[in-house]
Amino acid sequence: MDRHREKLIALVLGDLQPDEIPGVEAQVSGDVTLQSQRDSLQRQVAAMRALPDDDIPQAAVDRVLEAARHFHEEPEAVQLARVITLRTFINVYLPRIAAAALFVLMVGYAVHYLPAGPEASVATVVAADGNGWAVTDGDLVEARIGSPLRIRFQTGELLLDGGAAVRVSAQGPYKAPQFEVDRGRVVVDAARAPVQLSAAGRSLELEPGAVVALDLDREHARIMDGGAVVEIQRTAIEDVVRAANEAYGMHIDDSLLPDAVKRRRVTFFGTQLGKREFADSFVQAASVYGVRLSGNRLLYEAGTTHRVDDTEFDTLLSVSLLNGAAEISQGNTRQAMPASIAFTRDGALPGAERPERTFVWARGMGNAVVDAKLRNVSTGDATLPAGSVIHPDRLVLPEGSERIFVLHGPDFNFPLPGGRKGRLVGLLSSGAEFELEGSVTRVFVPHSSVATR
Amino acid sequence: MAKRKISVATERVPRTTGKPDTAKPLVECTDYDLLKLFVKSKDHAAFETLVNRHRRQVYNFVFKMCGKAEAAEDIFQETFLRVLKNAHTYTPRAKFTTWCLQIARNLTLDYFKREGLRQHASIDAGTPGNEEHSMASLLQGIDPESHEIIQNAELIAEVRKGLQSLPENQREALVLRMYEDMPYAEISEILNSPEGTVKYWVHEAVNTLARYLERRGLK
Chain A
1216 MDRHREKLIA LVLGDLQPDE IPGVEAQVSG DVTLQSQRDS LQRQVAAMRA LPDDDIPQAA
1276 VDRVLEAARH FHEEPEAVQL ARVITLRTFI NVYLPRIAAA ALFVLMVGYA VHYLPAGPEA
1336 SVATVVAADG NGWAVTDGDL VEARIGSPLR IRFQTGELLL DGGAAVRVSA QGPYKAPQFE
1396 VDRGRVVVDA ARAPVQLSAA GRSLELEPGA VVALDLDREH ARIMDGGAVV EIQRTAIEDV
1456 VRAANEAYGM HIDDSLLPDA VKRRRVTFFG TQLGKREFAD SFVQAASVYG VRLSGNRLLY
1516 EAGTTHRVDD TEFDTLLSVS LLNGAAEISQ GNTRQAMPAS IAFTRDGALP GAERPERTFV
1576 WARGMGNAVV DAKLRNVSTG DATLPAGSVI HPDRLVLPEG SERIFVLHGP DFNFPLPGGR
1636 KGRLVGLLSS GAEFELEGSV TRVFVPHSSV ATR
Chain B
2 MAKRKISVAT ERVPRTTGKP DTAKPLVECT DYDLLKLFVK SKDHAAFETL VNRHRRQVYN
62 FVFKMCGKAE AAEDIFQETF LRVLKNAHTY TPRAKFTTWC LQIARNLTLD YFKREGLRQH
122 ASIDAGTPGN EEHSMASLLQ GIDPESHEII QNAELIAEVR KGLQSLPENQ REALVLRMYE
182 DMPYAEISEI LNSPEGTVKY WVHEAVNTLA RYLERRGLK
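Protein sequences appear in the order of chains A and B. Here the first sequence stands for residues 1216 to 1668, numbered as in our numbering. Here the second sequence stands for residues 2 to 220, numbered as in our numbering.
Hints may contain errors.
[Stated by the list, open to error] Ranges between beta-carbon positions, derived for each pair:
1) B/Glu71 - A/Arg1457: 53 to 63 Å
2) A/Leu1355 - B/Val28: 48 to 58 Å
3) B/Glu116 - A/Thr1339: 17 to 27 Å
4) B/Thr99 - A/Gln1232: 18 to 28 Å
5) B/Arg161 - A/Pro1310: 57 to 67 Å
6) A/Ala1315 - B/Ala95: 22 to 32 Å
7) A/Pro1233 - B/Gly68: 29 to 39 Å
8) B/Thr90 - A/Leu1622: 46 to 56 Å
9) A/Gly1634 - B/Ala95: 17 to 27 Å
Worth flagging that the hints you see were computed from the coordinates, not collected in a lab. Cβ coordinates follow ideal geometry from the N, Cα and C atoms, glycine included.
With the sequences and hints as input, model every part of the structure.
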């Protein structure tokens, strides 16, 4: 939704602040297109409002009232309605209250002097489909490819992209938990209290109201449930071979590859990949280093390497400050967080990445602050089909080789819902970003969703 | 823009004396008093007053959320049974409407889970055919404030269909805002989400529904 449309909707719904109204009305009165849009919106909102009120049939109400008539016959109602007399209080309740107070004292003593129990919940994880579960101190929360998660804690929230993982540590009852990013992309919203975050040896201290997007791009390989989840990120070819042989029972032989080639790293993400689809994706990813598959043997063809330098590890960690203020530190060095900063193995590169690229995926999570920064990006209603494979430079749909979409290709040829056509402009582990034909709007289509837990 | 009229009685600020005012006619009692009268004094008329006061709002919310009358009736009944069972946990710190709608919402979400209805169908996917022209002819040139359009069953069915296709969080926010006329602060409490997020959901929902109606010819 673009900024003008959002303002028009707010105007039509009566949601604008009083001081905003004259500005928006002036803008509309001077623009015929906006006037037409406003009139359309008014008619459409009127049609929405025209839905009649729905009232419950009297018979259903009567059933509720009938059930209520029997309510006082049940023991719990008797307890609720019991009149507590002074005598009853002294004889019955006072000893119970004393016993309860003693119990509370003992529990308080235990809580104060003993280490916290493993069951203490410090946050709640909520999946995109609304399902949730509790997080206890020390838990590693992992989001699978295609299934972003939100960690809600008392004073803020943290969003994990598909394929990301975060360890959560309790900081006591009155502080936000501490988060250690293990891998992947996260967005942290320290809404009402400071939040501490660490990744790759760096620490971040977010002030209340700060929003930070962070991407820790490190080696990670996971093949789960017979290929239902495939996450291969920056992983050496020899390690991918080992993981594939173990997960799929394949017998891929990499013994003929030179050691330097075996240590080249590949990245691809997919869901619902069978043996063959996995092998195809793997070979496609490794082909840039001159690797091909013959039978079950990986061979190296000198002179066919498309990319000589292994620059994948240039950027290890990138951090963008999207709102508010934060400090970043490494060892004893501490500095105010700039708008964006990237760290390589050799040092820091300020302003290395556009902030919005880091957290486009979070747009669909309904975070108002994130949304405010991404007015021209929307999240698609549909997902990529199961079996789609996301490479760093291309998207492969499951139908076959003719369905390969290259990043920044010239054509608007990706069919989006509603008959629209898009051009692939971004790829993340959790989905693909398309530029719409004839529009400044971009749409993010999430990867096909898989079971979350 | 004209505000919708709602038929639910305005809730009064509950007294903090802890004693229901039995001298007042029931219709003038607060929700809290009615609940206490029922629980402590077994006053069934008090509960009936409470149910009648909130029946339209609760059912309207549930029915617009799930779109099926039978399911909505079941959830409505279960909501008020939960109100009875949990009456002792209700404190006048929260508005009764908020508390009751939270219960109804949880039961509705449970229903979605049970029925596997969480995945909404995309309303972008359909290609408008002849229906576009019929809708267009019905709707063009109609005064937005006119109630004439509500007479058209086809339009009502389209709006209902569009509503059902919205993601749950957007649908909940839109129903509470547009059909229950609730302030964002109260919706935020019911949905347990920040006000800014709720407003965003409402605007997204309106945008999606408006685009949907546009494709059906309402421009």
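Results for each hint:
no., hint, in the structure
1, B/Glu71 - A/Arg1457: 53 to 63 Å, "55 Å, holds"
2, A/Leu1355 - B/Val28: 48 to 58 Å, "56 Å, holds"
3, B/Glu116 - A/Thr1339: 17 to 27 Å, "24 Å, holds"
4, B/Thr99 - A/Gln1232: 18 to 28 Å, "25 Å, holds"
5, B/Arg161 - A/Pro1310: 57 to 67 Å, "59 Å, holds"
6, A/Ala1315 - B/Ala95: 22 to 32 Å, "26 Å, holds"
7, A/Pro1233 - B/Gly68: 29 to 39 Å, "36 Å, holds"
8, B/Thr90 - A/Leu1622: 46 to 56 Å, "55 Å, holds"
9, A/Gly1634 - B/Ala95: 17 to 27 Å, "47 Å, violated"
Violation of the numbered hints given earlier is confined to hint 9; every other hint is satisfied by the structure.
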